[in-house]
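**Q** One letter stands for each residue in the lines below.
Number of protein chains: 4
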Amino acid sequence: MIIVLNRNDQNTIDELQEHFGNNHDIFVHHNRVAVQGITRDDLSDSEKSAAVEIIEDVPAAVQGSRVFHPEDTIIRTKHSMIGGDNFTMMAGPCSVESEEHITRMAAVAKANGATVLRGGAFKPRTSPYSFQGLGEEGLRFLRRAADQYNMDVVTEVMDDEHVEMVGKYTDIFQIGARNMQNFSLLKAVGRTNIPVMLKRGMSATVDDVLNASEYIAAGGNHNIMIAERGIRTFDNKYTRNTMDAGVVPVLQKLTHYPVIIDPSHAAGHTEFVTPLGLAGVAAGASGLVVEIHDDPAHALSDGPQALLPEQFKELSDKAFAIRDLLTEMPAEQAEAGR
Amino acid sequence: MIIVLNRNDQNTIDELQEHFGNNHDIFVHHNRVAVQGITRDDLSDSEKSAAVEIIEDVPAAVQGSRVFHPEDTIIRTKHSMIGGDNFTMMAGPCSVESEEHITRMAAVAKANGATVLRGGAFKPRTSPYSFQGLGEEGLRFLRRAADQYNMDVVTEVMDDEHVEMVGKYTDIFQIGARNMQNFSLLKAVGRTNIPVMLKRGMSATVDDVLNASEYIAAGGNHNIMIAERGIRTFDNKYTRNTMDAGVVPVLQKLTHYPVIIDPSHAAGHTEFVTPLGLAGVAAGASGLVVEIHDDPAHALSDGPQALLPEQFKELSDKAFAIRDLLTEMPAEQAEAGR
Amino acid sequence: MIIVLNRNDQNTIDELQEHFGNNHDIFVHHNRVAVQGITRDDLSDSEKSAAVEIIEDVPAAVQGSRVFHPEDTIIRTKHSMIGGDNFTMMAGPCSVESEEHITRMAAVAKANGATVLRGGAFKPRTSPYSFQGLGEEGLRFLRRAADQYNMDVVTEVMDDEHVEMVGKYTDIFQIGARNMQNFSLLKAVGRTNIPVMLKRGMSATVDDVLNASEYIAAGGNHNIMIAERGIRTFDNKYTRNTMDAGVVPVLQKLTHYPVIIDPSHAAGHTEFVTPLGLAGVAAGASGLVVEIHDDPAHALSDGPQALLPEQFKELSDKAFAIRDLLTEMPAEQAEAGR
Amino acid sequence: MIIVLNRNDQNTIDELQEHFGNNHDIFVHHNRVAVQGITRDDLSDSEKSAAVEIIEDVPAAVQGSRVFHPEDTIIRTKHSMIGGDNFTMMAGPCSVESEEHITRMAAVAKANGATVLRGGAFKPRTSPYSFQGLGEEGLRFLRRAADQYNMDVVTEVMDDEHVEMVGKYTDIFQIGARNMQNFSLLKAVGRTNIPVMLKRGMSATVDDVLNASEYIAAGGNHNIMIAERGIRTFDNKYTRNTMDAGVVPVLQKLTHYPVIIDPSHAAGHTEFVTPLGLAGVAAGASGLVVEIHDDPAHALSDGPQALLPEQFKELSDKAFAIRDLLTEMPAEQAEAGR
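Chains as they are written, first to last, in full-length UniProt numbering: chain S, 1 to 338; chain W, 1 to 338; chain Y, 1 to 338; chain F, 1 to 338.
Honestly, the hints are just simulated from the structure, not real lab data.
Treat identical chains as interchangeable: a pair holds within one or across any two.
No farther apart than 25 Å at their CA atoms in a straight line, the calculated lysine-lysine pairs in the BS3-like style are these:
(1) Lys168 with Lys78
(2) Lys313 with Lys78
(3) Lys253 with Lys313
(4) Lys237 with Lys253
Small disclaimer: the values here were computed from a predicted structure and weren't measured.
Please construct the entire structure, taking both the sequences and the accompanying hints into account.
**A** Listed below in structure tokens is the structure:
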């Protein structure tokens, strides 16, 4: 249940904390107080009369909901603002392969508008016999490459035991699609204050991904963005997954977290990455995360879906142009989507 | 198998016709001859030596394939050019409700860039007890409204017995998603020369829709466009279907037919129609088909997904602006997608 | 709305017919009267007081629902009883290939417990260039083969124009999965009194198939059975479709029509047909429809999923044994499923 | 690649180990040697000539494949034999709720043929605010209840850090569907010698689950069983998931690990659990894992899908009867499925 109070009614907030804080999860955002597991009848007369509005039908993922937190969350890292009216480009190779390579890729990413460098050092591979990443050494390469070009780092953490170590190197944790419901891991990143990019699982419903994000929020970390990377459907002959463009306005309506599109994993083939990336931008996404490589045929992982530098330039130019166009035109649509 | 000849080698074409025409399906497009069910060994020496290239690995839907017909198909109706570099807006109410209403909607559609008026007179409703459409009277209203505003008509034909009658009123037949594999109906419209908009079935793979289109082409009608209207996936809580934006570049690679996006049926809710429509345009679609209504609460069908006139104006303005932007920027992506 | 009356209250039935019959769809089953599109307030005082119970929350497919028709429908053909406690085996080749072949297959089917002979004369093939069936000649062969072995015939009708002609030869119409929402065809078989086996579409929900069946019932034909033949999911590498065993008890709860399992199309490969068929029987299906062939490598269609005669014998023996076992054991489960 | 040798050719095995062991993953099963990442040309002449057969086309999950390990794996715990011709019943409540309750449920399970007691102490709940399980105390209750009735324990481990602790109490680790690709966890249980029941993820393909099992095998633990608990499809209105009965014979063909069916999570509603469980048995499963509860309305989790004791008795009686029937009848089908 959410109790909406007048602005600055700290007295009632204190009263509610005292009344319910010991036995219930209770969250406060400005003048809104969410108390889990109570009904209107549990409120005292003074609490009831202080309420401007009492909202009983709230989603399970209450902290992530617009009902509790109407304004857009804007995530501030050293080099980026993510969410709201901002548009953020993230790019880099699937895996960190060597210091020289990641540095070269950082230069390409930065030159084409990216402010966040992606790269995997711990890789969740389908087969145990595939390349599993360079580990901590890869993280060092990634960090140095990003620093050289004044970029932020986003990289995957696969394991709650690794959260502290990976956290030394990264500005944004990525939770991969396969780990979207690894609740131990979600709780672990929720105990940090490092922003998290949570990827929607291959068969996760909108409600599933919001509930997963709530595991992070429940630990106190509200710097969350949600990334769509394609879902599993009955047809994957030509694209690896089906990118669900509709999830962008749907999530923007339901949650205040920024929504990012990963067209690379959705497409699975270079030739389809740009159309899907642009579709995501046109649907209103707050950013893209794109795999790039200057020699895809020899990439250690996911080469077939990497964009060449010149292909990435084209995607990035068009993405920013579409975003500018949509931002400048009367934004009824953007509002309608919220 | 496809035999590629030198331009203007009519002699070999005649020879192939004579050799295989009685026992095999044989199709000619410029200098390309497709013969079904033969192998290289069936060719005579002179046929082999006349071939510039022999392509043995061809899709079942050979007439629709880029291998057989590399250039874009451009469909010409009285008021529209569909395909190639053109962008076509189609709009109108789900059902034709009355002559006044369809005329009013035609005015709205035309004023906002549409050249094709849509409207259903025969409605494929899930329940037999729902409104089934005005029938032929509805077609008359639709035709008059379109004529008044110099527009083309697109309307659904549900039944092979109705093809002739509906053909008197429409410029484009729509084959609905539920009828995508109604082969009798496909053959019937294939025997006409009226353009066909074939909607992808809810669970049709890319190959399925191409094979369905081949039933039309096999009858001699090559004025085909394919419309994506969302597919069935595991999550339809917030959108009615999942719009598969990736199918746009995939189809553009595989086939020469124009690809149209129907964001209304994909979204199922007004607030998500515009983001999905724009995503389709950014993915490269040749046009949109959109449901509009000036009083959705009282629409006889599908009101919840209809755009109001002012919402349609916003979608249309942004759609044309994105299309212009993409067409004017260096089109490496468009080529890459083919 | 359904008004439940006392047994034999013909007066109130007559009153309701007179009151609502001109403007509403109205259906009577024993002491239950379903009137579409009215509410409790529309009833007169005498109608209200005559009602034992008024059920306002009824499914759209009201005639097919257990709420309207609590007892099992049992379909009686010349040689078979389908539904209730009966178990019916249907078998035959995918296509009728020749008179000799279908006669040989009829012998195999009959010798192993089948009372219904299946075989296609009009084939809904994905590609227009594939074998489309022998047409009416095939129906003649099929009819003669069935008659020789005292069997019923089930065969697909693809087209409303063919209903009359096919009806001369068959005891049961099959509506194929691709035509499940071909409403013209459903209406056409609904106007006959020949039983119909309606196959669930590849992506049809339970509600979709029930609504499709209602198109048949709305025409006056209530001899309907529903066949599950596998649905489309994200994995079809090893089986052609995913057989939804759960649909058997779900449909048995919701509808009074018999539920049949088609393990052949679900499996797509001979080696998986028997386990799936037995799973269907154990889930409670009223019958199986199975493809058999004595030379699958040369079958004109669907050879890879056909059972050899000795494989069919094994399936049939085990199927009847499981059915007997379940019927003889205390049937709490069967009841629970309804 | 797999090199098949004569029985007892230890010399060639030693030669292969020496030749490839330092640089390649190499696995030996009786007379079969799998070496990852080599081709026929990498073999020496003596290795080639010692080979009875060289199999180059092997699946990524080589240790789990029938190609490498043709015989059924049979898992031996203190009270159970799982796999081969054995049939194993596992039952218990979703969550361990109290010592009295789990003990009462153990009595019910044992009295009806179960030799393995299930119960969750760490619960992977969709929402962070739901009951998360009793933790280690729950494991103690579970262990004592099982010991009192001479049963084995199966319980979920959610976290690699918990593997050691949970391992003190359980005979079989359960890896839940949401963690099927939590590779850190898979590796951790792979380092133990405690049997593992790996649940197929909601959208995991057959290949995905086999590759996940290989993470366990790669650590040296080959006591693996795979459990089907329903997959996500487009229709979950009446059942929670779609049970894929076909996966039983498919997995039995591809892998030597026992296949278990969990009808409770597939059904999601008590009334559909028994039909689905029996379908799994008829499809050939080596066992069932079933949720039971004597007061479902007050269960701390998943009450709506729990069987009452008398319902479980009926399922168990029928399941063993069907299994006996199938085992006693000529087993061509079972062989065909392998």
